[in-house]
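K.L.:
Sequence:
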Amino acid sequence: MIRVAAVGDIHLGPGSAGTLRPAFESLHEQADLLLLAGDLTRHGTAEEGEVVAGEVAGLGIPVVAVLGNHDYQSDQEAEVAAALDRVGVTVLEGEGTVLNIRGARVGVAGTKGFGGGFAGRSGGEFGEPEMKDFIRYTRRCADGLRKSLTMLAEADCAVRIALTHYAPVPDTLAGEPLEIYPFLGSYLLAEAVDEGGADLAVHGHAHMGTEHGMTSEGVRVRNVAQPVIGRAFAVYHLPVHAGGAAAGGRGGVKAGADAVGAH
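Per this note's numbering: the sequence shown = residues 72 to 334.
Simulated from the structure, these hints should not be mistaken for laboratory data. Among the clues, some could well be false.
Here are the computed distance ranges between Cβ atoms for each label pair [unchecked claim]:
{"no.": "1", "residue 1": "Gly195", "residue 2": "Ile251", "range": "35 to 45 Å"}
{"no.": "2", "residue 1": "Gln144", "residue 2": "Gly301", "range": "36 to 46 Å"}
{"no.": "3", "residue 1": "Glu118", "residue 2": "Ala303", "range": "20 to 30 Å"}
{"no.": "4", "residue 1": "Met72", "residue 2": "Glu96", "range": "18 to 28 Å"}
{"no.": "5", "residue 1": "Met72", "residue 2": "Glu199", "range": "27 to 37 Å"}
{"no.": "6", "residue 1": "Gly84", "residue 2": "Gly246", "range": "22 to 32 Å"}
{"no.": "7", "residue 1": "Pro310", "residue 2": "Glu118", "range": "38 to 48 Å"}
Keeping only pairs whose Cα atoms sit at most 25 Å apart, straight-line, the calculated DMTMM-like set for lysine to aspartate or glutamate is [stated by the list, open to error]:
{"no.": "8", "residue 1": "Lys218", "residue 2": "Asp204"}
{"no.": "9", "residue 1": "Lys203", "residue 2": "Asp214"}
{"no.": "10", "residue 1": "Lys218", "residue 2": "Glu288"}
{"no.": "11", "residue 1": "Lys218", "residue 2": "Glu196"}
{"no.": "12", "residue 1": "Lys203", "residue 2": "Asp156"}
{"no.": "13", "residue 1": "Lys203", "residue 2": "Glu266"}
{"no.": "14", "residue 1": "Lys218", "residue 2": "Glu164"}
{"no.": "15", "residue 1": "Lys218", "residue 2": "Asp156"}
{"no.": "16", "residue 1": "Lys203", "residue 2": "Glu164"}
{"no.": "17", "residue 1": "Lys203", "residue 2": "Glu262"}
{"no.": "18", "residue 1": "Lys218", "residue 2": "Glu250"}
We put the CB at the ideal spot given by N, CA and C, even for glycine.
Just need the whole structure built from these sequences, with the hints factored in.
P.N.:
Set out below in C-alpha cells:
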C-alpha cells in the first residue's frame with residue numbers, strides 16, 4: 072500500500088510561519104508522499120510562498136503541489152512556485168511526475184483546473200469571446216491532466232493520482248451554495264480523470280464541501296481543503312497494482328478506500 076497524505080487551502084501568510092510544521096514533523100512516519108492541492112497562500116505573494124516553503128521543507132518524503140486561485144492573486148504565481156521548487160517541492164501544471172516509492176512507480180498528474188460547472192448546468196464555448204475564453208481555459212487544463220495521466224500509464228506507474236485545485240465532480244461540493252458550483256469546478260476535469268485513468272483524484276477549493284465523492288467511472292475523489300478535513304492533512308491508502316518499479320518518465324512527465332482507505 073502507498074500512503075498518500077494530502078491537504079489544500081492552507082492559506083498561509085507572513086504571520087502563519089510554524090503553524091503546520093509541528094504536524095508535518097512526523098509526517099514521514101505516517102505517509103510516503105504529501106500532496107498540496109492549491110491555495111497554499113492567502114494572496115499569492117512571493118513572501119507568502121516563502122512561508123509555505125518553510126513549512127514543507129525537508130519532510131523526508133516527496134511533496135507534490137498544484138497552485139490555486141489565491142496563489143495567482145498577486146500575479147506572482149511564478150515566484151510562489153519557485154520558492155517551493157527551491158525546497159524540493161514538485162509544482163505541476165499540465166504535467167506529471169513519477170516517484171519511486173518502496174520500489175513502485177507512483178505517478179501524480181497535476182493542474183490547477185478551473186470552473187465552468189457540471190453536466191446539465193455548465194458553461195459552453197458559445198457567445199461572447201469572454202465566455203469562450205473561460206471554458207477554453209478549463210478545457211486546456213483538463214486536456215493537460217488527461218495527457219499527463221495517459222503518459223503516466225505509458226510510464227508503467229503502479230499507482231496514478233490526479234491532483235487539482237478545482238473540483239472534478241459536484242459530489243464533493245455538497246454544502247456549498249448551488250449558485251457557485253460553476254466557479255468551484257468543472258465536469259471536464261472528471262472526464263479527463265476517467266479517460267486518462269487514476270486510482271484517486273484529490274482537490275481543494277470548496278471550503279464548505281464534502282470530503283468523499285466519485286467520478287462516473289468509479290474513480291474516488293477526495294476534497295482535502297483543510298476546512299473540510301478539519302486537520303493538518305488526510306492520509307489515504309492506495310493499493311499497488313502489478314507492474315511498475317523504479318522511477319522514470321517521458322515527455323510531459325517530470326522526473327523526479329474502499330480501495331482508498333483514509334484516517
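K.L.:
Would the pair Lys203 and Glu266 pass a check requiring their Cα atoms to be no farther apart than 25 Å?
P.N.:
OK: Lys203 and Glu266 at ~23 Å, within 25 Å.
K.L.:
Is it true that the CA of Lys203 sits at most 25 Å from the CA of Glu262?
P.N.:
19 Å, holds
K.L.:
Holds or violated: are the alpha carbons of Lys218 and Asp156 at most 25 Å from each other?
P.N.:
23 Å, holds
K.L.:
Can you tell me whether the CB distance of Gly84 to Gly246 sits inside 22 to 32 Å?
P.N.:
Holds, since Gly84 and Gly246 (Cβ atoms, about 25 Å apart) stay within the stated range.
K.L.:
Okay, Pro310 versus Glu118 on CB: inside 38 to 48 Å?
P.N.:
At roughly 41 Å between Cβ atoms, Glu118 and Pro310 fall inside 38 to 48 Å, so the hint holds.
K.L.:
Take a look at whether the Cβ-Cβ distance between Gly195 and Ile251 falls inside 35 to 45 Å.
P.N.:
18 Å Cβ-Cβ, so the 35 to 45 Å window is violated.
K.L.:
Please verify whether Lys218 and Glu196 have alpha carbons no more than 25 Å apart.
P.N.:
Cα-Cα ~21 Å, so holds.
K.L.:
Check whether the Cα positions of Lys203 and Glu164 lie no farther apart than 25 Å.
P.N.:
21 Å, holds
K.L.:
Is 36 to 46 Å right for how far apart the beta carbons of Gln144 and Gly301 are?
P.N.:
Since Gln144 and Gly301 have Cβ atoms about 25 Å apart, the given range 36 to 46 Å is violated.
K.L.:
Taking only the CA atoms, is the gap from Lys203 to Asp214 under or equal to 25 Å?
P.N.:
Distance ~16 Å between Lys203 and Asp214 Cα, so the pair holds.
K.L.:
Within 27 to 37 Å or not, the Cβ separation of Met72 and Glu199?
P.N.:
49 Å, violated
K.L.:
Given the hinted pair Lys218 and Glu164, is their Cα-Cα distance within 25 Å?
P.N.:
Given that 25 Å is the threshold and the Cα spacing comes to 12 Å, the pair holds.
Hint violations for this structure: numbers 1, 2, 5, 12, 18, all remaining hints satisfied.
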